[in-house]
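Peer 1: Relying on the hints, combine the two individually framed chains into one complex.
Given next are the chains, with one letter for each unit.
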Amino acid sequence: KAGVTQTPRYLIKTRGQQVTLSCSPISGHRSVSWYQQTPGQGLQFLFEYFSETQRNKGNFPGRFSGRQFSNSRSEMNVSTLELGDSALYLCASTLPGLAGGYEQFFGPGTRLTVL
Amino acid sequence: SQQGEEDPQALSIQEGENATMNCSYKTSINNLQWYRQNSGRGLVHLILIRSNEREKHSGRLRVTLDTSKKSSSLLITASRAADTASYFCATDTGTYKYIFGTGTRLKVLA
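Line order of the protein sequences matches chains A and B.
In terms of the working numbering, the first sequence opens at residue 1 and continues consecutively.
In terms of the working numbering, the second sequence opens at residue 1001 and continues consecutively.
Keep in mind the hints are simulated off the structure, nothing from the lab.
Every clue listed holds true.
Only pairs whose alpha carbons sit at most 20 angstroms apart, straight line, appear in this in silico PhoX-like list of lysine-lysine:
no., chain 1, residue 1, chain 2, residue 2
1, A, K57, B, K1097
2, B, K1026, B, K1070
3, B, K1026, A, K57
In this text the structure is predicted, and so the values were computed from the model without any measurement.
In isolation and in its complexed conformation, chain B is listed as follows (with noise of 0.2 angstroms):
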């Protein structure tokens, strides 16, 4: 089964709100990346988190990472139309192996 489960499956916003998606795991990490896709063509990296980081910023974005839990969210802010896409979190446990999650579907309205 897949390392990452993430929730909710789908989200529907309104342009300039806020987007958060959450991503679950199975077992001990080196890092945590989340990636942006668009439409069924390829990822985009977003942002990187390491195991011993709880907090990390890029422009509009902000991931947090609980090792305890093994969870990690992802906040977008001011959420714009472009930012329509899915959302992946992945895990990397150090075996030359990225584990990607199921997935956010993300919809800002205008």
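Only chain A is shown next, with the shape it has when bound in the complex (with noise of 0.2 angstroms):
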């Protein structure tokens, strides 16, 4: 089975600009969780998603916002970039349906860069 897979691996923004991350899941896995990687606060979990609803979001402001489509592929955006959003965005997938209690699968991950 092929992994998840993530696109753009790198990207680089300046300050007010939007973007848009895409992420797909492994074939058969219907769960798709963000993170956000920055040295100083380390993995942040963004939100998760299942058959196209989001059931648990994470502490961040309302510029973040995600969504799922019916073939599991989510995207996640982020509106009015600020410097502080530079980071690693990390997609991980899991098997369906399950709160929890299996591994999950992540991606290579985007380089967002802010400048």
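Peer 2: If you want it as structure tokens, here you go:
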């Protein structure tokens, strides 16, 4: 099976712009989670989707949003970018329908730099 | 604040030695997982231990869980240079949300 894929791998934006990141989970996985990783804050949970529904979200401002499509692919969007949004954004997929108890499979991440 | 805090933050050992890292968390969990991350790349799942388990082994890895102390430890035996990475614990509280610890940076010297 192909692993979790994330596009693009690297992105450079300027303050005030918006960005959309994409994640394709492993075939058959219907749960997708997003994380932000920075040196200062570590790995922070952004949100989790299952069957196009957001089931949980972390403590991030409304500028961070996401969605999931019927084929389980997910996108996250950050509007009005700030310098502090520079981070590695990681996507992870898990087996369908389960509230935890299974390993997450991570993609390679998207490295976002905001200038 | 983050659920998991890991200790030590950084660890440097010689090849062949054992490496132990600890994770503490704050609330009740369904399970706890350990992940490895190489140099700012994606995370790789290592092992999962459920709340009703006390110890689990996988190859050179040994994980313990003490729910009364809300802590877990990861032991890597006979370490290799290829084990150099950051290690994270992640707790699952059953709310479709995993909370990651701060991580331990392990360096294994050849």
